[in-house]
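Participant: Add chain C to chain P, keeping to what the hints say.
Protein chains: 2
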Amino acid sequence: MNFISATGNADDLRDLEIYLEKAVSDDIFIKEICTPLIKGGKRLRPKLFLLCARTRKIYPAKKLLPLATALELIHTASLVHDDILDGAKKRRGVETLNAKYNAQIAVLVGDYLFAKAFQLVAENNYGDEVSLILSKLVKNLCIGEIAQDRALFQIPTLGEYYGRINLKTAFFLSTCCRLGGLISELENSEVENLANYGTSLGLAFQIVDDLLDFFGEEKITGKAVGGDLKSGVITLPVIRALQFEKNSAALKKILAQDKISLDDIKTAIKIISETDAVEYCKNRAASHIECARLDLPQNINQAVKFSLEQIADFVINRKW
Amino acid sequence: MNFISATGNADDLRDLEIYLEKAVSDDIFIKEICTPLIKGGKRLRPKLFLLCARTRKIYPAKKLLPLATALELIHTASLVHDDILDGAKKRRGVETLNAKYNAQIAVLVGDYLFAKAFQLVAENNYGDEVSLILSKLVKNLCIGEIAQDRALFQIPTLGEYYGRINLKTAFFLSTCCRLGGLISELENSEVENLANYGTSLGLAFQIVDDLLDFFGEEKITGKAVGGDLKSGVITLPVIRALQFEKNSAALKKILAQDKISLDDIKTAIKIISETDAVEYCKNRAASHIECARLDLPQNINQAVKFSLEQIADFVINRKW
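For the record, the sequence lines run as chains P and C.
Numbered per our numbering, the first sequence spans residues 1 to 320.
Numbered per our numbering, the second sequence spans residues 1 to 320.
Okay, chain P solo, but in the shape it has when bound (with noise of 0.2 Å):
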């Protein structure tokens, strides 16, 4: 994600991770445990809030960084909770909390992080709207994972998919752009256009992802193949490869099971190739990409916008 030379906010970026290590400083137990655990992420939420809130009214980066560091800290407390929620073992290429420690100790790291970042809002001054905005991101977070988890093992409709992985992902990308317009001070509808970018975005990043769960490579995503699958979390290219009447009987005999294993896995994906699954995931996941593009404001810094391009091929063309 080559993109931050061209904002000039390579500084933002390094900035980014002391003010992180910093955030988990305050207990010996919490930076202990946690101080792996913030390494190597993406950095897309803060990165895409940084991008957004230099659009036009430019502010010194102490301004922005407390927001974008709690960004980051919503998202790995999220990670952390998701991570006991499917029982992963890695994320991030690295032991999960649960795996290291106990589930104990994952539900209050996480618990902490989100204390965290409200503690970075407030004490910087941001005010009750951008408490409010991240309130609200928390508990559509929470919504989605409920619904999803309340539905495990069940085929989603196409709506019902769209409808968690929105919740899911998209509003958080959404929310990272639209904090940014609002700082940059952009118009109305401009914060919206914004914003909307920030939801095709997160709408392909997820269908991506959906689709790195089968096909990427363990070693470069930094998860383990068929996560979603083996706790009952079904995605786009199960919801299609469903369709098609040759493949569907096996593919349902694998959900119907109580315990999905390796081998399970490995046949779900072979079936899976044998459709066109992978190839409608991609169309739909540039299509997005494509309404990305189209969203972004005309009138912002050119630097800027085309960062924000960049990300969106990212996204599209990513490995991890």
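To be clear, the hints were calculated from the coordinates, so they are not data collected in a lab.
Fair warning: there could be bad hints in the mix.
Said to hold, decoys possible - The list that follows gives simulated cross-link-like pairs (lysine to any residue, SDA-like), each with its CA atoms no further than 25 Å apart: (1) K31(C) / E160(P); (2) K63(C) / L167(P); (3) K100(P) / N140(C); (4) K31(P) / Y162(C); (5) K89(C) / Y101(P); (6) K89(C) / G87(P); (7) K100(P) / D228(C); (8) K62(P) / A286(C); (9) K31(P) / G222(P); (10) K100(C) / G222(P); (11) K100(C) / A103(P); (12) K136(P) / D228(C); (13) K42(C) / E218(C); (14) K89(P) / G87(C); (15) K31(C) / A151(P); (16) K136(P) / G87(C); (17) K100(C) / S231(P); (18) K136(C) / I18(P); (19) K100(P) / D258(C); (20) K42(P) / W320(P); (21) K31(P) / P156(C); (22) K230(P) / N102(C); (23) K22(P) / L132(C); (24) K136(C) / I38(P); (25) K100(C) / D86(P); (26) K136(P) / N125(C); (27) K31(C) / L167(P); (28) K89(P) / A99(C); (29) K22(P) / G163(C); (30) K22(C) / L132(P); (31) K31(C) / D149(P).
Facilitator: Below, chain C alone, put in the same frame as chain P:
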């Protein structure tokens, strides 16, 4: 806890229930899961806040109830997450979320309730200071629990025990009193006194809680007997009993086991009863309550002061 009439805030407490119900009604699943969950607590935290908010400057209930609700939501969220940690089956006399649904739902519902609390604070314009106080509160709850989790089955010193119950309980009650004092526009020293009242009250509360864990009636406490010991949390009655040479070997043997059975708990209760541990804990709790009374500021609304004294009485004499 019949202190309500003294301050004439029976209406507040009726309204609090309405606010709480409304707070969990944004989403259909959340409503279904949380409506039973929010019933039947002592409401100690919002009560303390509401009383302390009426010590001098008198605001209308509408200004106070959202924050009172937020405090109870944070408490409920932490209970929900605690119950995952402890593997508890019952709370407030009803099934815990992890027993009724699963740990996943319990994680997410807790997250939701935390976020909802911050939403209530932000959308009612309490400002960044209140949000900051709440975020530090949640952080402290987590730090306390993490420290507890990392020291399971280890016998704490008295100092470690106090450190833990301070973060777990006393800091929370203190925060409720502090927030009330701030809103009531007391002088700084009076706010500190109220906060100290809350700390002492909280230490007494937790010591009584730790006694009730062994000697309470399940039907009245709503929790299974010996839950702390079973999950490896060693509390004051055990710490004290271990000081008696005659009894410590048998107790240590129980603590050294991988799994603590119901029979072990019965044995532990018998051993504790043979020492002065119960009396010792009661005396300690009583002296904290004495401190709490002494910390109450003098020149505040006398009906409120009387109610705060009644709460102190309740805390020491309670059976649940």
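Participant: If a hint holds in the structure, say so; if it doesn't, say that too.
Facilitator: Evaluation of the provided hints:
1. K31(C) / E160(P): Status holds; Cα separation ~20 Å.
2. K63(C) / L167(P): 31 Å, violated
3. K100(P) / N140(C): 23 Å, holds
4. K31(P) / Y162(C): Since the Cα atoms of K31(P) and Y162(C) sit roughly 23 Å apart, the hinted pair holds (cutoff 25 Å).
5. K89(C) / Y101(P): Holds: K89(C) and Y101(P) sit about 23 Å apart, inside 25 Å.
6. K89(C) / G87(P): 21 Å, holds
7. K100(P) / D228(C): 24 Å, holds
8. K62(P) / A286(C): 50 Å, violated
9. K31(P) / G222(P): 22 Å, holds
10. K100(C) / G222(P): 33 Å, violated
11. K100(C) / A103(P): Judged against 25 Å, a Cα distance of about 18 Å means the pair holds.
12. K136(P) / D228(C): 35 Å, violated
13. K42(C) / E218(C): Cα-Cα ~16 Å, so holds.
14. K89(P) / G87(C): 21 Å, holds
15. K31(C) / A151(P): 17 Å, holds
16. K136(P) / G87(C): Distance ~29 Å between K136(P) and G87(C) Cα, so the pair is violated.
17. K100(C) / S231(P): 19 Å, holds
18. K136(C) / I18(P): 21 Å, holds
19. K100(P) / D258(C): 20 Å, holds
20. K42(P) / W320(P): 9 Å, holds
21. K31(P) / P156(C): Roughly 22 Å between the alpha carbons, so the hint for K31(P) and P156(C) holds.
22. K230(P) / N102(C): 17 Å, holds
23. K22(P) / L132(C): Holds, at roughly 17 Å.
24. K136(C) / I38(P): Given that 25 Å is the threshold and the Cα spacing comes to 20 Å, the pair holds.
25. K100(C) / D86(P): 19 Å, holds
26. K136(P) / N125(C): 15 Å, holds
27. K31(C) / L167(P): 18 Å, holds
28. K89(P) / A99(C): 24 Å, holds
29. K22(P) / G163(C): Measuring from Cα to Cα gives roughly 24 Å; hence the hint holds.
30. K22(C) / L132(P): 17 Å, holds
31. K31(C) / D149(P): 16 Å, holds
In summary, the numbered hints that this structure violates are 2, 8, 10, 12 and 16.
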